[in-house]
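Turn these sequences into a full structure, and let the hints guide you.
Chains G and E, in that order, are what the protein sequence lines are.
Start counting the first sequence at 1; every next residue gets the next number (the working numbering).
Start counting the second sequence at 1; every next residue gets the next number (the working numbering).
Among these hints, one or two may not hold up.
To be verified - Among chain G residues calculated to face chain E with C-beta under 10 Å, some are:
hint : residue
1    : S7
2    : S35
3    : G38
4    : A125
5    : S132
6    : T134
7    : T164
8    : T171
What the hints assert, rightly or not - Some residues of chain G that are not near chain E, with every Cβ distance over 12 Å (derived):
hint : residue
9    : R104
10   : E190
11   : E214
12   : P234
What the hints contain is simulated information worked out from the structure, not anything from laboratory work.
In this text, a Cβ means the ideal position worked out from N, Cα and C, and glycines have one as well.
For reference, the chains in residue letters:
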Amino acid sequence: MKDFFRSNGPIILVIALLLATLTAVGSYALQGVPSPLGNVLGVVTTPVRDGISALAGWVEGVYNYSFRYDELQAENDRLKAEIAELEAAAREGEADSKENERLRELLELRPKNRSFDLESATVTARSSTNWSSTLTLSKGSDQGVAAGDCVVDSAWNLVGIIDTVGTNWSTMLTVVDANLEMGAFLSRTESIAILEGDFALMAEGKLKLTYLPENTELITGDLVLTSSMGGNYPSDLVVGSIESIHTDASGISRYAVIAPAADLDSLVQVFIIKDFDIVE
Amino acid sequence: MTRQDFLLKWLFYALALLPVWWLDQYVLNRFLVLGVSPRLLPVAAVTVAVLEGAVGGAGFGLGVGVLCDAVYYGAWGGMTLGLCLIGWAAGAAAQYVLRRNFGGCLLCSAAGLALLALCQVVAGLFTGLADLYALLRVAVPELLWSLCALCLLYPWFAWVRRRIVKVLRL
Numbered sequence: 001m002k003d004f005f006r007s008n009g010p011i012i013l014v015i016a017l018l019l020a021t022l023t024a025v026g027s028y029a030l031q032g033v034p035s036p037l038g039n040v041l042g043v044v045t046t047p048v049r050d051g052i053s054a055l056a057g058w059v060e061g062v063y064n065y066s067f068r069y070d071e072l073q074a075e076n077d078r079l080k081a082e083i084a085e086l087e088a089a090a091r092e093g094e095a096d097s098k099e100n101e102r103l104r105e106l107l108e109l110r111p112k113n114r115s116f117d118l119e120s121a122t123v124t125a126r127s128s129t130n131w132s133s134t135l136t137l138s139k140g141s142d143q144g145v146a147a148g149d150c151v152v153d154s155a156w157n158l159v160g161i162i163d164t165v166g167t168n169w170s171t172m173l174t175v176v177d178a179n180l181e182m183g184a185f186l187s188r189t190e191s192i193a194i195l196e197g198d199f200a201l202m203a204e205g206k207l208k209l210t211y212l213p214e215n216t217e218l219i220t221g222d223l224v225l226t227s228s229m230g231g232n233y234p235s236d237l238v239v240g241s242i243e244s245i246h247t248d249a250s251g252i253s254r255y256a257v258i259a260p261a262a263d264l265d266s267l268v269q270v271f272i273i274k275d276f277d278i279v280e
Numbered sequence: 001m002t003r004q005d006f007l008l009k010w011l012f013y014a015l016a017l018l019p020v021w022w023l024d025q026y027v028l029n030r031f032l033v034l035g036v037s038p039r040l041l042p043v044a045a046v047t048v049a050v051l052e053g054a055v056g057g058a059g060f061g062l063g064v065g066v067l068c069d070a071v072y073y074g075a076w077g078g079m080t081l082g083l084c085l086i087g088w089a090a091g092a093a094a095q096y097v098l099r100r101n102f103g104g105c106l107l108c109s110a111a112g113l114a115l116l117a118l119c120q121v122v123a124g125l126f127t128g129l130a131d132l133y134a135l136l137r138v139a140v141p142e143l144l145w146s147l148c149a150l151c152l153l154y155p156w157f158a159w160v161r162r163r164i165v166k167v168l169r170l
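See below:
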């Protein structure tokens, strides 16, 4: 032990203490911004992340083609049938929208509008710890991405919220992360609740819906959307559907377990909503 | 040992850490076992500490800790100090109490990982992240899975050390 104190041991411990303090102060002061070293490592390792991500995608493609061909063929047939149904629904919806437009003009209301400034990004890495659910994306502040931006998949299902923004990368909290909290809108009952990540449910890839409206009968499968409460996030993005409804330990309030609509495990391409303008 | 030898030795260890970091950060988290991925970086810090002793262990632990705090989401500086102390303790234990072999490394890694898991669980309880059962359901498999990774990491760093001794004629 004397060797340790005779050589540079104490100096190393003091350096560690100073660096830890500096990092703690930095992480507290720089919310949403990575540490300088973290940012440099993020930029330098971008090609590695991209390479591994591409390789993983290729391996998955080969595996799917080799072992899941029949399953994918059946899914393709099912999706084709679904598209035909949706096209029919869209044709009906078109007539309704035109009628709605005419009525809004008659009432001199502002025309409905939903415009989004999107940035396409690739998922290049997954959670580096078991204590959070994050994804690393290939776009950062150079592309105008900011902390708090919503991220959706190609079907407009909410995937998560941007948390840390590096130069050409960003880290996103997925919808199931324990730190996520946002307003929710239940489309069938037209009521409002709160979406919360829950650590115990995070491992199962689910989240919680709390502050459920009283005297409202919720059923399994009810669609949960983002609400426009606070104006921070765009409304009507699909978060998921109710899987089960429970009473909490106190026996007073209820909560629902939500299964996210986005498939968080196999996401490759996502879209970051940098800006939006919604007129209801 | 000359200054150049000293620098070369730690450069070799840093290079040996690169594939471990890439595995930890970009590969193993795609293949979860019991819902978790192993923590290779703390195990790597303990392994080098066991091979190199208290001073080397503290220094390498400091470097690995800085890396962890830079790349792990939600890190706040605790790993820098924590891994430096764990590296120092593991190195000292291997120098004076245990043997510098796989068994000694396994014991030191188990103790180090248990300490990190304990800190994580206490922090989780303190911040109201989840109840004890939910936290242990992540912490325990993570600890066990990380210990399994030692079967790869110990031979890897032991080989690197043998190469360093041979190349630098230490």
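These are the hints, each one checked on the structure:
Against a cut-off of 10 Å between C-beta atoms, the interface hint on S7 (chain G) holds, since the closest Cβ of chain E lies about 5 Å away. Annotation: S35 (chain G) was flagged as interfacial toward chain E, and the flag holds, the nearest CB pair being 6 Å apart, inside 10 Å. Hint status for G38 (chain G) relative to chain E: holds, with the closest Cβ pair at about 4 Å, below 10 Å. Interface hint at A125 (chain G): satisfied, since its Cβ lies 5 Å from the closest Cβ of chain E, which is below the 10 Å cut-off.
Because the smallest distance between the Cβ of S132 (chain G) and any Cβ of chain E comes to about 5 Å, under 10 Å, the interface hint for this residue holds. The restraint placing T134 (chain G) at the interface with chain E holds, with a minimum CB-CB distance near 5 Å, inside the 10 Å limit. With its C-beta approaching chain E no nearer than about 8 Å, T164 (chain G) sits inside the 10 Å limit, and its interface hint holds. With its C-beta approaching chain E no nearer than about 6 Å, T171 (chain G) sits inside the 10 Å limit, and its interface hint holds.
The beta carbon of R104 (chain G) is kept farther than 12 Å from every beta carbon of chain E, the shortest such distance being approximately 45 Å. The Cβ of E190 (chain G) lies farther than 12 Å from every Cβ of chain E, with a closest approach of about 32 Å, so its non-interface assignment holds. Separation of E214 (chain G) from chain E is adequate, the least Cβ-Cβ distance of about 25 Å exceeding the 12 Å criterion. Residue placement check: P234 (chain G) keeps its beta carbon more than 12 Å from all beta carbons of chain E (closest about 25 Å).
Checked against the numbered hints given earlier, the structure satisfies every one of them.
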